[in-house]
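Peer 1: Could you put together the complete structure from these sequences and hints?
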Amino acid sequence: MTNNNSATALTDLAGFPMVLAVSEDEINRKFAEIYGNASNGPETFPHMPWKALKGKGWELDVDAVSAPHIDFKTNTKNGCVLRMTIQSGQFTTFKMVMPDTDGMPDPADIKVVPTTIPLDGLELTVTATISKIENKEWSDKDFSAQALFMDMTTIKAVEVTVGNNLQFDISGTTKASLETLLHDKIKALAVEHPNQLLFGAARLPRNVKETTGPLAATASGFSTTVNSDEDGNQKGAVNFLLCNKSMPDIRHSNGAGVFDHCLLHGDDKATLVISDATILEHFVKPALMSNWVGVDLSLERHGTGSVPSKLGFIGSFDFGVTLDGHDRSATLKKLVATIKNDLITVDYNWTSSVYHWSADIHVEVSGTQTIQLVMQNGKLTAIPKADKPHIATTDTNLAARIAGDILSIGIDEIGRLGTSMKGKKSMHSINDDILSHITPSLGNFILPGKSVLQYVSAHLDRHLYVSATYK
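Under our numbering, the first residue of the sequence shown carries the number 277, and numbering increases by one thereafter.
Hints are computed from structural coordinates only; laboratory data are not their basis. Owing to the predicted nature of the structure, the values given are computational and were not obtained by experimental measurement. Incorrect hints may have been included.
[As the list claims (entries may be wrong)] Okay, derived cross-link-like pairs now, SDA-like style, lysine to any residue, Cα gap no bigger than 20 Å in a straight line:
(1) Lys521 to Lys463
(2) Lys349 to Thr437
(3) Lys463 to Thr352
(4) Lys616 to Lys463
(5) Lys417 to Ser634
(6) Lys747 to Gly719
(7) Lys417 to Lys726
Peer 2: Spelled out as structure tokens, the structure:
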């Protein structure tokens, strides 16, 4: 599928068949677990730039900092904000005091007066962009772990502010000097240690041709989303924008990966969203084509607007039926599948004729079958339902007589032509088919602390929303 140059042409989920949204709250919880509040060192938040640093006219010594806290509320595109509180530390400046004497003072009389400012409670805010890097530790010969991290080489701003517990005011040149110092040191160290703040990684196959399963990611991009709920609470997430074999290329057009709302479902730690087009293409289509052998179905993809994607065929398809005791030919005119709310809906229409000694009687049969995907007893369950087929013919008695023939064809079951289902895919088990691919797909995402995602539940609301937690 070719890239489009406008946001209106983007299909699926802003140009991607799948998106994994990871909550910033859960990233911060993992950071708290990993780094804790111990003294600064490699076991907590490594390679920080402020341990026993000395320069011309200053010394900086910080012994303990809080765990890093990330939020995505920033005007910087694909950016994030790091917030930390210094728990124990000090900043010392040195000033030369000249003796009050005429002429050249004696060097022995020149004093260097230190001014030490305790930094306990000082809040540090760093704004930078998110970047992607291969995490060698999480990669192997078959998979490359493409990790998202806060790229400190792209610092946009550093700000220090006084917290509620700080008993002094830091402002003016001292504040500016400290901010400049931290900016330069953090940026310099980031070149040596780029991936200190990892938000997670998608493990992608090094050989895409060997990718198995319709939900296996082949490439990834990223974006961020922040919005407020009805109570005014901020909800932020980093989005892994995922490609698969059907849509292997990352979208770069305007609006790609941009969402006007957070994709997280409820209080999910992470939500994998699978587009309606992906469900239709990889799960509904195989079931329909397995039972309507020879029907050429095509997919019409749509974006995140109100128009759903559609699976159907153009033209006609001939098949055989037995009506009123006679073998007859029939023509399939319509077979269209869409997803509306929590229903997979299949509409069909076919025509045939019934033998009559004077002239064959035209018959037109139409109907709708649905599969509802819901959680029941903790399991994603498919609930099939079929309307009674509508039979249009000029002979009302004939319609009643052949109704049983039509039902015996199996047309009351979605996508089924005959009564034998042996060797055929069933739409009734689409839930199990989907779940069999969700579990390995989630297993290829790694979050801070090497946590792996696992399936919790799923619900269909045009797109499929898969709730996940840490394993």
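Peer 1: Work down the list of hints and note, for each, if the structure agrees.
Peer 2: Against the structure, the hints come out as follows:
no.: 1; hint: Lys521 to Lys463; in the structure: violated, 38 Å
no.: 2; hint: Lys349 to Thr437; in the structure: holds, 18 Å
no.: 3; hint: Lys463 to Thr352; in the structure: holds, 17 Å
no.: 4; hint: Lys616 to Lys463; in the structure: violated, 49 Å
no.: 5; hint: Lys417 to Ser634; in the structure: violated, 74 Å
no.: 6; hint: Lys747 to Gly719; in the structure: holds, 9 Å
no.: 7; hint: Lys417 to Lys726; in the structure: holds, 18 Å
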